[in-house]
Amino acid sequence: MGRFKLGRPWRAAGLALLAGIAATPARAAPENGVGLMLGAVAAREDTMNSAGVSVGLDAQFAVDERWSLNPTLLASAEQASSQWKVSDGMVGLQVRRWFRAAYVGLHAFYHVRVIVRDGTVSNSAYGVAGGLVGGYEGPSGWGAQVQLDALENSGVPSVYRNAVRAHATYRWR
Amino acid sequence: MQIHPGPLGALLAALTIPGIANAQMAPRVPGVDELTDIALASLSGNSINVGVSYSQATFKARRSGSRTQITDNGSFAPVVEFAGSERSLKAWPLRSGQAVLGWNFKATLGHFDTHYQILDSAFRGRDIGTGADGWYAGAAPSLFLKLGPLYPDRAIFWKLTYGVGAGLLKADGEGRFSDGSVQPVGGSSPRLALYQDAALQLQVDRWQFEFTGKLLNRGDAERASLESYGFAVSWRFAF
Chain P
1 MGRFKLGRPW RAAGLALLAG IAATPARAAP ENGVGLMLGA VAAREDTMNS
51 AGVSVGLDAQ FAVDERWSLN PTLLASAEQA SSQWKVSDGM VGLQVRRWFR
101 AAYVGLHAFY HVRVIVRDGT VSNSAYGVAG GLVGGYEGPS GWGAQVQLDA
151 LENSGVPSVY RNAVRAHATY RWR
Chain X
1 MQIHPGPLGA LLAALTIPGI ANAQMAPRVP GVDELTDIAL ASLSGNSINV
51 GVSYSQATFK ARRSGSRTQI TDNGSFAPVV EFAGSERSLK AWPLRSGQAV
101 LGWNFKATLG HFDTHYQILD SAFRGRDIGT GADGWYAGAA PSLFLKLGPL
151 YPDRAIFWKL TYGVGAGLLK ADGEGRFSDG SVQPVGGSSP RLALYQDAAL
201 QLQVDRWQFE FTGKLLNRGD AERASLESYG FAVSWRFAF
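Chains as they are written, first to last, in my numbering: chain P, 1 to 173; chain X, 1 to 239.
Please keep in mind that the hints were generated in silico from the structure rather than gathered at the bench.
Just to be clear, a hint being listed does not mean it is correct.
Result set (EDC-like, lysine to aspartate or glutamate): computed pairs, CA atoms no more than 20 angstroms apart in a straight line [as the list claims (entries may be wrong)]: (1) P:Lys85 <-> X:Asp72; (2) X:Lys90 <-> P:Asp46; (3) P:Lys85 <-> P:Asp118; (4) P:Lys85 <-> P:Asp46; (5) X:Lys170 <-> X:Asp113; (6) X:Lys90 <-> X:Glu174.
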């Protein structure tokens with residue numbers, strides 16, 4: 001399995017996220033509602049790097065003021081080269097621990113990844129995997145989120161897909 | 001003096017007394033009863049679900065180390081499903097509603113017509129004259145996790161289910177095997193199969209929007225199986 005390193009843009013995004021969390025005003029979070037996620041994804045699988053657009057939907061069920069359960073749907077369209085494209089779809093459940101309007105959480109999901117070469121699906125893989133998520137939601141419903149997905153089984157022995165997603169989010173409460 | 005059970009009492013009653021989800025509560029108090037009814041509806045009674053799905057069905061078979069896969073490349077199909085009363089095994093309170101781990105009985109009927117042979121793609125097949133069609137039936141006790149309602153005044157629930165049980169699979173046709181031969185597959189009569197069913201649902205009032213996966217495995221020498229994955233919209237007729 002190849003090592004996955006966060007590049008400079010991702011470190012900057014993480015610092016911005018932490019700064020946003022620190023500056024978040026106190027309020028009763030989380031709140032129930034449907035959320036939309038839109039952003040970018042960067043992934044690595046063996047020697048193949050890909051990047052693209054990530055979009056998702058979730059439903060937030062507040063357990064109390066500290067915890068929420070978030071069933072999540074995510075899909076990405078990625079480009080690895082002029083010939084190779086990657087798509088990844090996932091259905092998962094996030095458990096989030098809230099610190100006022102900021103949260104960190106665990107993400108368990110089932111994913112299907114396909115690799116398309118010149119318009120033909122040349123490889124598919126699916127399986128259960130896990131990840132980490134962190135972000136914040138402002139009083140207006142707008143927010144930001146970073147998600148790390150690891151060990152997405154590729155179906156090929158010793159080859160796993162790792163991905164980083166950065167999303168702008170909006171929740172209808 | 002009349003004592004109203006309140007939303008919490010009604011919730012506890014719904015969780016502990018099967019079938020109360022459909023019971024009429026009296027007397028009705030405007031506002032309070034509306035919320036109570038939505039909370040009670042977190043456990044559904046018997047229903048027949050009728051709708052339409054867009055799914056990809058793939059028939060697979062093996063024979064002496066060689067295998068064939070034939071798909072429909074995705075098609076619309078009717079949804080006909082029976083869902084029994086939902087029973088709670090364990091429930092946890094949420095800020096709005098509850099999270100329920102429970103079970104119910106589900107049964108389904110379906111038809112398939114696969115005539116695109118999968119040759120050089122992982123998912124999409126090509127029309128080379130092969131094909132298999134037939135029908136299936138499956139019934140299984142299903143475990144579910146149900147959350148909601150999402151909003152206090154709307155009956156919107158999220159539900160994840162998985163069931164394993166018994167089914168019948170009838171398939172007949174011919175397929176091109178990986179050794180290059182074209183051979184008959186299936187047979188003229190239905191055979192017993194292991195049935196698995198998974199679904200991720202968003203229930204909005206009586207509408208159901210769901211991603212579904214169905215798998216039937218026959219334990220015969222051909223090791224025939226049918227997989228169907230897709231999206232479905234259906235309406236729950238409660239009874």
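Please work out if Lys85 (chain P) and Asp118 (chain P) have their alpha carbons no farther apart than 20 angstroms. Answer holds: Lys85 (chain P) to Asp118 (chain P) is near 8 angstroms, not above 20 angstroms.
Pairwise hint evaluation, Asp113 (chain X) against Lys170 (chain X), where the allowed Cα distance is 20 angstroms at most: 11 angstroms, holds
Check the hint pairing Lys90 (chain X) with Asp46 (chain P) against an upper bound of 20 angstroms on the C-alpha distance. 42 angstroms, violated
So if I understand the rule, the pair passes when the alpha-carbon distance is 20 angstroms or less; does Lys85 (chain P) with Asp46 (chain P) pass? Distance ~15 angstroms between Lys85 (chain P) and Asp46 (chain P) Cα, so the pair holds.
Quick one, are Lys90 (chain X) and Glu174 (chain X) close enough, alpha carbons at most 20 angstroms? 48 angstroms, violated
Between Lys85 (chain P) and Asp72 (chain X), does the CA-CA distance stay at or below 20 angstroms? Given that 20 angstroms is the threshold and the Cα spacing comes to 24 angstroms, the pair is violated.
Checked against the numbered hints given earlier, the structure breaks hints 1, 2 and 6 and satisfies all the rest.
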